[in-house]
Amino acid sequence: MSQALLEVKDLQMHFPLKSRGIITRTTGHVKAVDGISFSIGKGQALGLVGESGCGKSTTGRLVTRLYKPTAGEISFEGEDIANASERQLRPLRRDIQMIFQDPYTSLNPRQTVGEIIGAPLEIHKLVPRQGRLRRVQELLEIVGLNPEHYSRYPHEFSGGQRQRIGIARALTLQPKLLVADEPVSALDVSIQAQVINLLQDLQREFDIAFLFIAHDLAIVRHFCPEIAVMYLGKIVEIAPREQLYSHPQHPYSKALLSASPDIAQAALGGRRERIRLAGDVPSPVNPPSGCRFRTRCWKAQDICATVEPPLQPTVPGAPGQVACHFPE
Amino acid sequence: MIRPFLSVENLSVQFPTPDGIVKATTGLSYSLERGKTLGIVGESGSGKSVSSSALLGLHRTSNAQVSGEIWMDGTELLGLPENDMRQLRGNKVAMIFQDPLSAMHPYYTVGDQIGEAYRAHQNVTKKETRARTIEMLSRVGIPQPDRRVDDYPHQFSGGMRQRAMIAMALINDPALLIADEPTTALDVTVQAQILDLLQDLQREFDTAIILITHDLGVIAEVADDVLVMYAGRAVEYGTTKQLLTKPAMPYTRGLIDSVPNVNDPLDRKLHPIPGNPPSLLNAPTGCAFFPRCEFSHLVGREKCATVMPELTPVGDGQFKRCHLPDSSVLYEPIRVDPTVGAAAGIQIETSVEAGNR
Numbered sequence: 001m002s003q004a005l006l007e008v009k010d011l012q013m014h015f016p017l018k019s020r021g022i023i024t025r026t027t028g029h030v031k032a033v034d035g036i037s038f039s040i041g042k043g044q045a046l047g048l049v050g051e052s053g054c055g056k057s058t059t060g061r062l063v064t065r066l067y068k069p070t071a072g073e074i075s076f077e078g079e080d081i082a083n084a085s086e087r088q089l090r091p092l093r094r095d096i097q098m099i100f101q102d103p104y105t106s107l108n109p110r111q112t113v114g115e116i117i118g119a120p121l122e123i124h125k126l127v128p129r130q131g132r133l134r135r136v137q138e139l140l141e142i143v144g145l146n147p148e149h150y151s152r153y154p155h156e157f158s159g160g161q162r163q164r165i166g167i168a169r170a171l172t173l174q175p176k177l178l179v180a181d182e183p184v185s186a187l188d189v190s191i192q193a194q195v196i197n198l199l200q201d202l203q204r205e206f207d208i209a210f211l212f213i214a215h216d217l218a219i220v221r222h223f224c225p226e227i228a229v230m231y232l233g234k235i236v237e238i239a240p241r242e243q244l245y246s247h248p249q250h251p252y253s254k255a256l257l258s259a260s261p262d263i264a265q266a267a268l269g270g271r272r273e274r275i276r277l278a279g280d281v282p283s284p285v286n287p288p289s290g291c292r293f294r295t296r297c298w299k300a301q302d303i304c305a306t307v308e309p310p311l312q313p314t315v316p317g318a319p320g321q322v323a324c325h326f327p328e
Numbered sequence: 001m002i003r004p005f006l007s008v009e010n011l012s013v014q015f016p017t018p019d020g021i022v023k024a025t026t027g028l029s030y031s032l033e034r035g036k037t038l039g040i041v042g043e044s045g046s047g048k049s050v051s052s053s054a055l056l057g058l059h060r061t062s063n064a065q066v067s068g069e070i071w072m073d074g075t076e077l078l079g080l081p082e083n084d085m086r087q088l089r090g091n092k093v094a095m096i097f098q099d100p101l102s103a104m105h106p107y108y109t110v111g112d113q114i115g116e117a118y119r120a121h122q123n124v125t126k127k128e129t130r131a132r133t134i135e136m137l138s139r140v141g142i143p144q145p146d147r148r149v150d151d152y153p154h155q156f157s158g159g160m161r162q163r164a165m166i167a168m169a170l171i172n173d174p175a176l177l178i179a180d181e182p183t184t185a186l187d188v189t190v191q192a193q194i195l196d197l198l199q200d201l202q203r204e205f206d207t208a209i210i211l212i213t214h215d216l217g218v219i220a221e222v223a224d225d226v227l228v229m230y231a232g233r234a235v236e237y238g239t240t241k242q243l244l245t246k247p248a249m250p251y252t253r254g255l256i257d258s259v260p261n262v263n264d265p266l267d268r269k270l271h272p273i274p275g276n277p278p279s280l281l282n283a284p285t286g287c288a289f290f291p292r293c294e295f296s297h298l299v300g301r302e303k304c305a306t307v308m309p310e311l312t313p314v315g316d317g318q319f320k321r322c323h324l325p326d327s328s329v330l331y332e333p334i335r336v337d338p339t340v341g342a343a344a345g346i347q348i349e350t351s352v353e354a355g356n357r
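As they're listed, the protein sequences go chains A and B.
Residue 12 in my numbering sits at position 12 of the first sequence, with consecutive numbering throughout.
Residue 168 in my numbering sits at position 168 of the second sequence, with consecutive numbering throughout.
Keep in mind the hints are simulated off the structure, nothing from the lab.
Quantities reported herein were computed from a predicted structural model and do not represent experimental measurements.
Glycine included, each C-beta is placed from N, C-alpha and C at the ideal position.
Treat each hint with caution, since some may be false.
What follows is a list of derived Cβ distance ranges for each label pair [said to hold, decoys possible]:
| hint | chain 1 | residue 1 | chain 2 | residue 2 | range |
| --- | --- | --- | --- | --- | --- |
| 1 | B | Glu76 | A | Glu242 | 48 to 58 Å |
| 2 | A | Glu148 | B | Asp173 | 37 to 47 Å |
| 3 | A | Ser185 | B | Leu58 | 20 to 30 Å |
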């Protein structure tokens, strides 16, 4: 692959747990993200799926440097940003933008749409004041809203329209990478497709790379040619979508796929056999030794408890990588 | 006349507000037998939760006007004195709420909350209640139930809380269970566990289940029959298979087309339903779905805009609320072609147009 736009290597984020009382001590760490690596090429889309608590949102916040990683490297266009200071990050904030999950809490209710979308222009002093309105209207039109509505407040819009406002705000600075954290899960079904199609068109038109975070496997499949599956802070499988959905190699990927409902199949009458995963996800404070999935895995053997399987192709040179001692 | 186990007839729920009357549910009728699952699908504000809360008498008479009839097992539930309703609630009719964290009291242990319904309805001692609570917890698959019974809700994970909610709802072996988005807040793996659990318990107790959801995938997995609601009214009713393969209402077609599927062809373009759901304050005079409908040009826009279609049978027990004379045009996915909408005079608010500008 040519020079990747974003390259993440052995990224870790450990949140300290403090004891209660006057004198606080660090009693442990929540290992939200524990050594993950991936890269995204220019204009490409990588999907990140997993259950709640697997660290996918934390990863999004690390890439946008809303969190400072505990360890590891994040390089954006060849430049290390994992350890950059706020000042050094300032110009970078233009290039990496974020779309949030909840369009009801991510827009300031006291600002007009024009102020919300125009704020990045003001902060980065890119467009003179007189030109701002025109740019805001342009953006509103791009995301399919009425350009005349720049003076309205967020509460005057529906959920889907608000999400479009959030998208317009993320587009204001013409970013090269958009981190979309569950961009449609708060929306009604009929509106979700509108927003997905919009994002897809924007990606094509402006050549924006996406880190697309979601728990809905069907939506991720629709949007991303390459998908990484996370479990307890680790990537357990990363593969092109054709391969992941037809031949998942990690038992967890397989279980996740079998659990997601399939309308087309149900319409034909047959109800599929689901893989029932026993129990809950273990705590990220004290993850299991060796392979983290072993406590719920039906293939687990002794080696799984002692040796952590590396993320690698099953056969050298094969597409996709999987972290499992006994891949499918 | 022998009524089905549950029969809802012409149910309407309205909320008077300073801005006018919000018609949350209008003229809703359906029936359900024991051991069956009815799925109610619709977007937020379509009246699916409001109509089901009426079954439990959860609407305050001071701010809601409920009319119609609800018959369950020979008893008319609407207008039942509060004391009698209390006897039914949590006993013969139970409800599982969407968000288990806000539906549980943080100050009481999970065991106390589950056992409360049992003690309230059965003549039992504390000891018996505890034993029954532990039994229910183990039946819904909570590990070490004799220990977890004394935990507080915050000590449970999301999936475990939802299971505890199910234990609470099922402790008196209800004949009717209303599950309001029981898996929406959960991950797919946990969702699969909960749906399996509901089906197992249904088989065991012959429970009638009303499953309210916006997720067609969940419906496809567990419902026998489906009621599609839009703007407070039933717009289509039929078996799950009928609705998914031979939808008779453009809204149902739209819902199917707008959901991505794990086995879709990779290049499939999603076809969203244009526009937004209508306000329930000033409902359109004709068909409520008309402003978003991509098929109204086949009927004549005049008729759709002015005449509210009736819920009419289309054969094999399927019903539709639509003027379309021949619903077979809805059997195939809508072709992604922006001109179809334009011809029908709809301003499509989709990205297709926006992207081309």
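Against the structure, the hints come out as follows:
| no. | hint | in the structure |
| --- | --- | --- |
| 1 | B:Glu76 <-> A:Glu242: 48 to 58 Å | 57 Å, holds |
| 2 | A:Glu148 <-> B:Asp173: 37 to 47 Å | 59 Å, violated |
| 3 | A:Ser185 <-> B:Leu58: 20 to 30 Å | 27 Å, holds |
Hint compliance for this structure: hint 2 is the single one not met.
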